Amino acid sequence: MYRYDDIDRAMVKARVAQFRDQTNRWQAGELSDEEFRPLRLQNGLYMQRHAPMLRIAVPYAMISSAQLRVLGAIAREEDKGYAHFTTRHNLQYNWIPMARVPDVLERLAEVEMHAIQTSGNCIRNVTSDQFAGIAPDEVVDTRPLAEIIRQWSTFHPEFAFLPRKFKIAVHGAERDRAVVQVHDIGLHLYRDDQGEILARVWVGGGLGRTPILGEVIHEALPWRHLLSYMEAIIRVYNLEGRRDNPYKARIKILVKALGIEEFRRKVDAEWADLKDGPATITDAELARVSSYFVDPAYAQLPETDAVYDERLKSDKAFARWVQQNVHPHRVPGYRAVTLSLKQKGIAPGDITDTQMEAVADLADAYSFGEVRSSHEQNLILSDVELRKLPELFDKAKALKLASSTVGLLTDIICCPGGDFCDLANAKSIPIAQAIMERFDDLDYLHDIGELDLNISGCMNACGHHHVGHIGVLGVDKNDEEWYQVTIGGRQGNDTRLGKVIGPSFAAADMPDVVTKLLETYVSLREPEERFVDTVVRVGIDPFKTSVYGGKLNRKKEAANG
Amino acid sequence: MAEILKNGQVHNDNWQVLRPEAEADLATVNLPAGQWLIPFALWQVQCAALKSRSDIGVWLSPNDDLTEVAKHFSQWPLVAIDFPKFTDGRGYSIAWRIRNHYKYKGELRAIGNVLVDQLFFMLRVGFDTLALDPSVVVATAERNLAPFPDTYQGSTDNPEPLFRRLDRTGAAQGGAH
Ligand code: HEM
Ligand code: SF4
Numbered sequence: 001m002y003r004y005d006d007i008d009r010a011m012v013k014a015r016v017a018q019f020r021d022q023t024n025r026w027q028a029g030e031l032s033d034e035e036f037r038p039l040r041l042q043n044g045l046y047m048q049r050h051a052p053m054l055r056i057a058v059p060y061a062m063i064s065s066a067q068l069r070v071l072g073a074i075a076r077e078e079d080k081g082y083a084h085f086t087t088r089h090n091l092q093y094n095w096i097p098m099a100r101v102p103d104v105l106e107r108l109a110e111v112e113m114h115a116i117q118t119s120g121n122c123i124r125n126v127t128s129d130q131f132a133g134i135a136p137d138e139v140v141d142t143r144p145l146a147e148i149i150r151q152w153s154t155f156h157p158e159f160a161f162l163p164r165k166f167k168i169a170v171h172g173a174e175r176d177r178a179v180v181q182v183h184d185i186g187l188h189l190y191r192d193d194q195g196e197i198l199a200r201v202w203v204g205g206g207l208g209r210t211p212i213l214g215e216v217i218h219e220a221l222p223w224r225h226l227l228s229y230m231e232a233i234i235r236v237y238n239l240e241g242r243r244d245n246p247y248k249a250r251i252k253i254l255v256k257a258l259g260i261e262e263f264r265r266k267v268d269a270e271w272a273d274l275k276d277g278p279a280t281i282t283d284a285e286l287a288r289v290s291s292y293f294v295d296p297a298y299a300q301l302p303e304t305d306a307v308y309d310e311r312l313k314s315d316k317a318f319a320r321w322v323q324q325n326v327h328p329h330r331v332p333g334y335r336a337v338t339l340s341l342k343q344k345g346i347a348p349g350d351i352t353d354t355q356m357e358a359v360a361d362l363a364d365a366y367s368f369g370e371v372r373s374s375h376e377q378n379l380i381l382s383d384v385e386l387r388k389l390p391e392l393f394d395k396a397k398a399l400k401l402a403s404s405t406v407g408l409l410t411d412i413i414c415c416p417g418g419d420f421c422d423l424a425n426a427k428s429i430p431i432a433q434a435i436m437e438r439f440d441d442l443d444y445l446h447d448i449g450e451l452d453l454n455i456s457g458c459m460n461a462c463g464h465h466h467v468g469h470i471g472v473l474g475v476d477k478n479d480e481e482w483y484q485v486t487i488g489g490r491q492g493n494d495t496r497l498g499k500v501i502g503p504s505f506a507a508a509d510m511p512d513v514v515t516k517l518l519e520t521y522v523s524l525r526e527p528e529e530r531f532v533d534t535v536v537r538v539g540i541d542p543f544k545t546s547v548y549g550g551k552l553n554r555k556k557e558a559a560n561g
Numbered sequence: 562m563a564e565i566l567k568n569g570q571v572h573n574d575n576w577q578v579l580r581p582e583a584e585a586d587l588a589t590v591n592l593p594a595g596q597w598l599i600p601f602a603l604w605q606v607q608c609a610a611l612k613s614r615s616d617i618g619v620w621l622s623p624n625d626d627l628t629e630v631a632k633h634f635s636q637w638p639l640v641a642i643d644f645p646k647f648t649d650g651r652g653y654s655i656a657w658r659i660r661n662h663y664k665y666k667g668e669l670r671a672i673g674n675v676l677v678d679q680l681f682f683m684l685r686v687g688f689d690t691l692a693l694d695p696s697v698v699v700a701t702a703e704r705n706l707a708p709f710p711d712t713y714q715g716s717t718d719n720p721e722p723l724f725r726r727l728d729r730t731g732a733a734q735g736g737a738h
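Taken in sequence, the protein lines are chains W and X. Numbering of the first sequence is given in the working numbering, commencing with residue 1 and proceeding in unit increments. Numbering of the second sequence is given in the working numbering, commencing with residue 562 and proceeding in unit increments.
Source of the hints: derived by calculation from the structure; they are not laboratory data. Hints may be right or wrong, so weigh each one.
Claimed, not checked - Calculated cross-link-like contacts (lysine-lysine; reagent style DSS-like; alpha-carbon spacing at most 30 Å):
#  : chain 1 : residue 1 : chain 2 : residue 2
1  : W       : K344      : W       : K544
2  : X       : K632      : W       : K266
3  : W       : K266      : X       : K664
4  : X       : K646      : X       : K567
5  : W       : K266      : X       : K646
6  : X       : K664      : W       : K275
7  : W       : K275      : X       : K632
8  : W       : K256      : W       : K275
9  : X       : K612      : X       : K567
10 : X       : K646      : W       : K167
11 : W       : K165      : X       : K646
12 : X       : K666      : X       : K612
13 : W       : K256      : X       : K646
14 : X       : K567      : W       : K248
15 : X       : K632      : W       : K13
16 : X       : K612      : W       : K13
17 : W       : K266      : W       : K248
18 : W       : K313      : W       : K248
Everything numeric in this text was worked out from a predicted model, so none of it was measured.
Chain X with its partners taken away, still in its complex shape (with noise of 0.2 Å):
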């Protein structure tokens, strides 16, 4: 079991995340019962397989192609991209991608090096579930989910920037510094 923020609290949750082997024969990796996250190259290799499980879900590489994924979306209950590393700054634009181009509206999961002061941004750019780093104290987590009051920009979780929202005309306080 997994500690997965959603909503702002924190859930444990069933799906576990299977990374196979980078050398592993993807066409005789074996899936036992339970709710399965795996890698869309396992997906594209056992689809036919797979398609009436309903407990397999999908986790996106950076490097997978997104014209492809999203022929399947239909098909899952749950999609996940895969942060390899806090740095790797794909997944946002993935995730801005799969719900304003691809208009993906189940649920979406962070996976991976998911740390604390990434969260607002993820939960900005569409993800609706983060699966935390094994390393973050949680309760740091769940404090630190929205660190600024307002957006200047538009993004998944409101497009409307913050001009478009917001008559701000005369509000600032004149006078010298």
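Next up, chain W with everything else stripped away, as it sits in the complex (with noise of 0.2 Å):
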């Protein structure tokens, strides 16, 4: 994975001090809490319900195991013995009081991390496939131009105080897993004949209170323009975005009033300035920075294994976790694995300190020491020979990082909700866990199949509930907590937004609207179809229907009258 040099690492020093400054500045009344707020934001620091809260920033997903353990030593002697990996692939804090949060950046700045433009108005971390590098269907890696881009979009001068926060996705795979339309900027790199990287740029996604899927700006823009042809579009934006209200602030609603056709055309007037000019990324910068993302010393191994096919076929549980958690990889004899954070009784993307450290000796026996972390909040050992699965299987199962549910039902996406962020209309942690807890009969998750349910606890969307196959939002009526459910929404090369089902539900019947949603699929579904493809094909009515026709008790209407 990428290296500091010394100016890389003299650039995340400095912020540290300067952050130093601030906060002192902050505490000594220089500055105001309104003057300091953008400051902390850009450093990751939120105020929220109890403390604030810390996010890390995780480049593109990559992780080493010596930065893992700094991170589980932080969450340790900093925290509260834990900490959570984010649908940015980031890692979030909950507990860390203000005041010691310079010297936790000053740890993380030994390991090359940091919290820079992790929030605020300004280009937040860059976020990518967690199988860069590794997946069979890859046409570009992604690392190295993402890598690209976080060097030009730290400290950029021009586009720290932008209207509303900005976020690049980038991935380079036949299939989609960044879910590129969903942000700001979504970037696709593929291939022309001749083998020359080019990147379909799409612009104006985002979902929040206003969910819309980019539109595509270019088709085919070679690779070398990529920080010049995004330098126009954010300059664009940051001179005509909105700024009189934040919830109209996005790129998104810019572009939709001024319509695709127009924003183009601002967009190549702006960049008939830059183009081919200095920023105009050079081979040799590509060279060098692609340089670090060479392969490890991979073995050459047999495409099999005797023990693995052995432990295949006696043991039923090490199969379901090689069906459901285990990836194909390019290279033969080599898995990845994902290690899920999503077990019963925990909030999905929670991991302990003891659990990081462990992970991390993981990687460093079976994975070249490292680890990405997902959008579905779960870790990826990227690198695992064939052979030692069923050895890995065992570890990880002791350290309860085995659920075989990856891409299942309780492979659940949720946010912080009610219980840690100031934001929220509802809690969105006890629904995962009242799902979780009802649908924990591992035959019958199966047989349900591949299933994305998404949870956010208001409007904002941090659970991505827009794009679950089941969305779940919590929305606030008269100082109560309800649950709006979405259907037929999906990420990917075809990425949608779900429908709702109509009014609102108590958090206890969650579980029960679940339930009748997963019957009505069982019933209607043909051989191979998909909870979300039945929806696709049948339409919503048969789930309304048996979610809102049945017994089900609508406290809302009964409330009502």
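Dock chain one against chain two, each of which comes alone in its own frame, and use the hints as you go.
Written out as structure tokens, the structure reads:
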């Protein structure tokens, strides 16, 4: 993975010193709360319900074992022994006292980590395919260009006070695993006939209270122009994006208001000043950064292994885990493995200090010391030998990291919600837990098959509920917590937003609602059809009828008399 | 007199910023002698009368139309861009455009809610003088003009990004973290 040189190191250290100074000035009253707010946000520090929340950047999903050990030690020594992986690869702490943050950042800087631009109205941490570099369907390894984008966006002088946050995602495979169309800029890297890297550029996607899928602004942008072209897009946005209402300030609103044609015209006019200028990425720079992402020392291995085959036949639990949590790898004899952070009784994405250290050990033993974090809030060991899978399964199981549910109903994506978040309308973690509690029969879960369940505690949509096959959104009605359900959303190449099935539900009803939806699916499905495919084929009406037609206790109607 | 940061040092200068009331009739606003920075809208109204004065500069609001503004650059000794609030980042892109698209070479000043932690960015995008917000402790500002040892991306101060200025090949220190 990328390693800092002296300049990178000096930049991150300078940022820590700057933030320490800012914190001191704020404590001394030289900076008001209002003046300090964007400064702390640009260092990942939110004020939350109980304490500040600190968000650490995990650029394009890559973490080394040494970094993970430090993250674990910080969780133990500075927090309450756990941390939370988010839907944007990042890691969040919930309980670090404000005055300790500069020291924590200093400790992170030692292992080439930071919290720079993980929040605030600036260019955020760039996200990518968690299987970059190893996926069999990959056409372009996104990591070098993602790192080049990271450096370009770091302390960008012009774009630190945009109308609103700005998120860039990039993927380079046949299947989009980075949901690029719900980002402010989404990039799909591919190759032309000569093998030259091109980018299809989407602009104006985003979830939140006005969910919109991005539109294509450029079909075939040569990679050298990525930075200058994005500079043109963001300059137009910085100048023309709305600043009167934070809910209308994302670039998606500007693109919708102007229409993609007019927006493209403005960007092209801006780009005329920049194209082929100094921001053009050089071959040397791409080669330099790419040199950090060369293959590890893979062994020459056969595609099969007798011990592995034997275990597959004899151990159903292992076979299930392989089926759900083990992913193909482009190198023969290797696999990628998801370590699930979805356990009954634990908030999705949460991980303890000792688990982090144990995962670091597993990464050293089985995966060249590297770990990835996925936007589904799990961890991934990307380069595991097939023959070591039985061993790894046993160890992961002992660590409670082997729920064989990746991609299934209980692999829930969930935001922190009302338990932690100040903006929440409703709690989200207890809903996730009640559903995990109800559906803990693996046979049933496997029979239901691939299903994305996403929960957000308010319309900011941190849990991506719009693109869940089943989406749950916390809403506030007369100070009570209610949950609105959508179905038919999906991510990937054919990203769609789900449709609301009807009036919202009380928390206690949510497991029943899911049961009804699943029963309807089972009764209607055709062979090989996933839940979401059935919804697409038959529409939402049969699901509506079964959910609302039955005896389900809708407190709202009862309450309204 | 206001305290202005210029070339890393505090200077006093005599430019005063005129901010007419929103309802003011711009045609009748009277400009006494002295160095005045006036809103572009006022310049447009009184252009004919003010042309002969060498002590009139213009400040731009983020809403001013740059194509109109650009027609007058040669007539002003000083152009300022107003930051109505430090979180309103339009002024950075306006400065960039004035320098790089319209090729304005004269003095460009940041006025308004100009705070310490924005100064570095302002100097990069093309401002050369900074009129500090009255709340700013000047000594704090002076020691925060260059919080970072280098820059990754180009801007007006130096259009060359780091990767064009330096060969960083093999510079990372290898080994495990
Ligand atoms: C607890 C503190 C948090 C706060 C205050 C917060 C706040 C917000 C807000 C206000 C938005 C909407 C922005 C907009 O539409 O302009 C948003 C979006 C988002 N948040 Fe959070 N969030 C928090 C935690 C998280 C966590 C823990 C995750 C990951 C699990 C997350 C992931 C996201 C994502 C992916 C979006 C993007 C939706 C979009 O494209 O608009 N956030 N957040
Ligand atoms: S979706 Fe709402 S409740 Fe959940 S973390 Fe985001 S802002 Fe908070």
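Structure-based check of all given hints:
1. W:K344 / W:K544: holds (28 Å)
2. X:K632 / W:K266: holds (21 Å)
3. W:K266 / X:K664: Roughly 20 Å between the alpha carbons, so the hint for K266 of chain W and K664 of chain X holds.
4. X:K646 / X:K567: At roughly 21 Å apart (the allowed maximum being 30 Å), K567 of chain X and K646 of chain X satisfy the hint.
5. W:K266 / X:K646: holds (26 Å)
6. X:K664 / W:K275: It holds: about 17 Å lies between the C-alpha atoms, which stays within 30 Å.
7. W:K275 / X:K632: Holds, because 25 Å separates the two Cα atoms, which is no more than 30 Å.
8. W:K256 / W:K275: Holds. K256 of chain W to K275 of chain W sits at ~25 Å (cutoff 30 Å).
9. X:K612 / X:K567: holds (27 Å)
10. X:K646 / W:K167: Judged against 30 Å, a Cα distance of about 24 Å means the pair holds.
11. W:K165 / X:K646: Holds: K165 of chain W and K646 of chain X sit about 17 Å apart, inside 30 Å.
12. X:K666 / X:K612: At roughly 19 Å apart (the allowed maximum being 30 Å), K612 of chain X and K666 of chain X satisfy the hint.
13. W:K256 / X:K646: holds (26 Å)
14. X:K567 / W:K248: violated (37 Å)
15. X:K632 / W:K13: Not OK: K632 of chain X and K13 of chain W at ~44 Å, beyond 30 Å, violated.
16. X:K612 / W:K13: violated (50 Å)
17. W:K266 / W:K248: holds (20 Å)
18. W:K313 / W:K248: Violated: K313 of chain W and K248 of chain W sit about 56 Å apart, past 30 Å.
Hints 14, 15, 16, 18, counting from the list given before, are not met by this structure.
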